[in-house]
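Keeping their order, the protein sequence lines are chains A and B.
All residue numbers in the first sequence are consecutive under the working numbering, ending with 123.
All residue numbers in the second sequence are consecutive under the working numbering, ending with 255.
These aren't lab readings, by the way, just hints derived from the structure by calculation.
Note that the coordinates shown come from a computational prediction; the quantities given were computed from them, not determined experimentally.
A few of these clues could be false.
Said to hold, decoys possible - Taking lysine-lysine pairs in the DSSO-like style, the calculated list, with each CA pair at most 27 Å apart, reads:
hint	chain 1	residue 1	chain 2	residue 2
1	B	K236	A	K84
2	B	K177	B	K246
3	A	K118	B	K236
4	B	K127	A	K84
5	B	K177	A	K111
6	B	K127	A	K83
7	B	K236	A	K83
8	A	K118	B	K170
9	A	K103	B	K191
10	A	K118	B	K177
11	A	K114	B	K246
12	B	K149	A	K45
13	B	K127	A	K103
14	A	K96	B	K147
15	B	K149	A	K103
16	A	K103	B	K170
17	A	K118	B	K239
18	A	K45	B	K147
19	A	K96	B	K149
20	B	K147	A	K114
21	A	K84	B	K149
22	A	K103	B	K177
23	A	K114	B	K239
24	B	K149	A	K111
25	A	K111	B	K170
26	A	K111	B	K246
27	B	K170	B	K191
28	A	K84	B	K147
29	B	K246	A	K83
30	B	K236	A	K114
31	A	K96	B	K127
32	B	K183	A	K114
33	B	K236	A	K111
34	B	K127	A	K114
35	A	K118	B	K147
36	B	K177	A	K83
37	B	K147	A	K111
38	B	K127	A	K118
39	A	K111	B	K127
40	A	K103	B	K253
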Amino acid sequence: MFCDLRLLFRKFGLARCVEEKGNGVDDWVRLCRKIRLFYDLNAGKNTWELIRGNNGVGVGVIVEHEEEELIQAIEYFCRLGAKKEDVARLIVNGPKLLDLDLKMGMVNVLKLLKHFGKSSDDN
Amino acid sequence: MTIKVCNMPNMMKDLGLHEWFLEKIKDVNHSLLVSFVANNPNAVRDKGYLSFLKTIQVSKTRTHSMSKLNFWHAIGFGENALAMNIFSCMHGISNELHERFDCVLHLRIEFSKVCKIIITHPKILSQNPKSL
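Pulled out of the complex, with its shape left as it was, chain A reads as follows (with noise of 0.2 Å):
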């Protein structure tokens, strides 16, 4: 874990947002923190190669988004059955994700279905 912590703070540049951010004992736990629950998904193994995901994608999620964004997001792919690490490739992957209104947001149902490319005569 330290190494995952020493290759994302001095390689992948996150010690340098940290602290541009302020620098304070606060933002240094919150950014642990959000690491802490991609450690945890992927049961510990090779943190700092998730987080970097695809070029780096992953460093702007974790800097970018409030632990309970990303907590919120877990949740919600969890639901749909996913691998807890392949929710967590998944969000490191697609910060777009992030932006789903999961509260408010209402879908159509069959556009939806049609958009992803089912068919109504599908079953």
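Following the hints, complete the assembly by docking chain B onto the known chain A.
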């Protein structure tokens, strides 16, 4: 038929499509879902459903019926006027219904099958959990 985004995971499970759906957002295109929600901001809700909603909102049992209705949607049923007949056959407060629903799930019946059973025999959720 419309559904809130927050209830979508269970709806996909009802339809037995959650694995398919997950593969789509995982492998094909992350933004497929996001773009859909963004491009369809005002989903038109079923008129029959809305009038049903209005009726229960002015009824004396408003709080009770609304929490029951929220349970109905939370297990993945959409906003559909036809299904409201089935909904009306279900008796109990939302906590009890939840308990009974979980009870049926614990019998290792698949999620989508439990939902089919509810549609054909809504009274299954009127039973005491012990007898279930």
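Going down the list of hints, with the structure as the test:
1. For the hint pairing B/K236 with A/K84, the CA-to-CA distance comes to about 25 Å; that is within 27 Å, so the pair holds.
2. Pair hint B/K177 plus B/K246 holds up; C-alpha atoms about 25 Å apart against a cutoff of 27 Å.
3. For the suggested pair A/K118 and B/K236, the alpha carbons sit about 21 Å apart, so the restraint of at most 27 Å is met.
4. In summary, the hint linking B/K127 to A/K84 is supported, as the alpha carbons are separated by about 24 Å, within the 27 Å threshold.
5. Taking the CA atoms of B/K177 and A/K111, the gap is about 25 Å. The hint holds against a cut of 27 Å.
6. About 23 Å separates the Cα atoms of B/K127 and A/K83, which keeps this hinted pair within 27 Å; it holds.
7. With a CA separation close to 22 Å, the supplied pair B/K236 and A/K83 stays within the 27 Å bound.
8. Of the pairs offered as hints, the one joining A/K118 and B/K170 holds, with about 25 Å between alpha carbons and a cut-off of 27 Å not exceeded.
9. Distance hint between A/K103 and B/K191 is fulfilled; the C-alpha atoms sit about 18 Å from each other, no more than 27 Å.
10. Between A/K118 and B/K177, the direct Cα distance comes to roughly 33 Å. Violation of the 27 Å bound is thereby established for this hinted pair.
11. Only pairs whose Cα atoms come within 27 Å are accepted, and A/K114 paired with B/K246 is rejected, the gap being roughly 33 Å.
12. At roughly 20 Å between alpha-carbon atoms, B/K149 and A/K45 fall within 27 Å of each other, so this suggested pair holds.
13. For the given pair, B/K127 sits about 7 Å from A/K103 by alpha-carbon distance, which is consistent with the 27 Å threshold.
14. Straight-line distance between C-alpha atoms of A/K96 and B/K147 comes to about 15 Å, which keeps the hinted pair within the 27 Å bound.
15. Restraint check for B/K149 and A/K103: satisfied, since their Cα atoms lie roughly 21 Å apart, inside the 27 Å limit.
16. For the hint linking A/K103 to B/K170, the alpha-carbon distance of about 22 Å falls within 27 Å, and the restraint holds.
17. Our distance criterion of 27 Å between C-alpha atoms is met by A/K118 and B/K239, whose separation comes to about 21 Å.
18. Pair hint A/K45 plus B/K147 holds up; C-alpha atoms about 25 Å apart against a cutoff of 27 Å.
19. A distance of roughly 13 Å separates the Cα atoms of A/K96 and B/K149; the hinted pair therefore holds under the 27 Å criterion.
20. A distance of roughly 12 Å separates the Cα atoms of B/K147 and A/K114; the hinted pair therefore holds under the 27 Å criterion.
21. Taking the CA atoms of A/K84 and B/K149, the gap is about 13 Å. The hint holds against a cut of 27 Å.
22. This hinted pair checks out: A/K103 and B/K177 have alpha carbons roughly 21 Å apart, not beyond 27 Å.
23. Distance check on the hinted pair: A/K114 and B/K239 sit about 22 Å apart at the alpha-carbon level, within 27 Å; holds.
24. Between B/K149 and A/K111, the direct Cα distance comes to roughly 20 Å. Compliance with the 27 Å bound is thereby established for this hinted pair.
25. Distance hint between A/K111 and B/K170 is fulfilled; the C-alpha atoms sit about 17 Å from each other, no more than 27 Å.
26. For the proposed pair A/K111 and B/K246, the alpha carbon gap of about 31 Å is over 27 Å, so the pair is violated.
27. With a CA separation close to 20 Å, the supplied pair B/K170 and B/K191 stays within the 27 Å bound.
28. Distance hint between A/K84 and B/K147 is fulfilled; the C-alpha atoms sit about 17 Å from each other, no more than 27 Å.
29. For the hint linking B/K246 to A/K83, the alpha-carbon distance of about 34 Å lies beyond 27 Å, and the restraint is violated.
30. About 23 Å separates the Cα atoms of B/K236 and A/K114, which keeps this hinted pair within 27 Å; it holds.
31. A threshold of 27 Å between alpha carbons decides the hint, and for A/K96 with B/K127 the separation of about 19 Å falls inside it, so the pair holds.
32. Distance restraint check for B/K183 and A/K114: the Cα-Cα separation of roughly 40 Å exceeds the 27 Å cut-off, and the hinted pair is therefore not satisfied.
33. At roughly 24 Å between alpha-carbon atoms, B/K236 and A/K111 fall within 27 Å of each other, so this suggested pair holds.
34. The hinted pair formed by B/K127 and A/K114 meets the criterion: a straight-line CA distance of about 17 Å does not exceed 27 Å.
35. With a C-alpha separation of about 11 Å, the suggested pairing of A/K118 with B/K147 holds against the 27 Å cut-off.
36. Restraint check for B/K177 and A/K83: the C-alpha separation of about 40 Å exceeds 27 Å, so the hint is violated.
37. Restraint check for B/K147 and A/K111: the C-alpha separation of about 15 Å stays at or below 27 Å, so the hint holds.
38. Straight-line distance between C-alpha atoms of B/K127 and A/K118 comes to about 20 Å, which keeps the hinted pair within the 27 Å bound.
39. Between A/K111 and B/K127 the CA atoms are separated by roughly 14 Å; this keeps the pair inside 27 Å, and the hint holds.
40. Under the criterion of a C-alpha separation no larger than 27 Å, the hint pairing A/K103 with B/K253 is inconsistent with the structure, at around 34 Å.
Hints 10, 11, 26, 29, 32, 36 and 40 from the list above are not met by this structure, while the remaining hints are.
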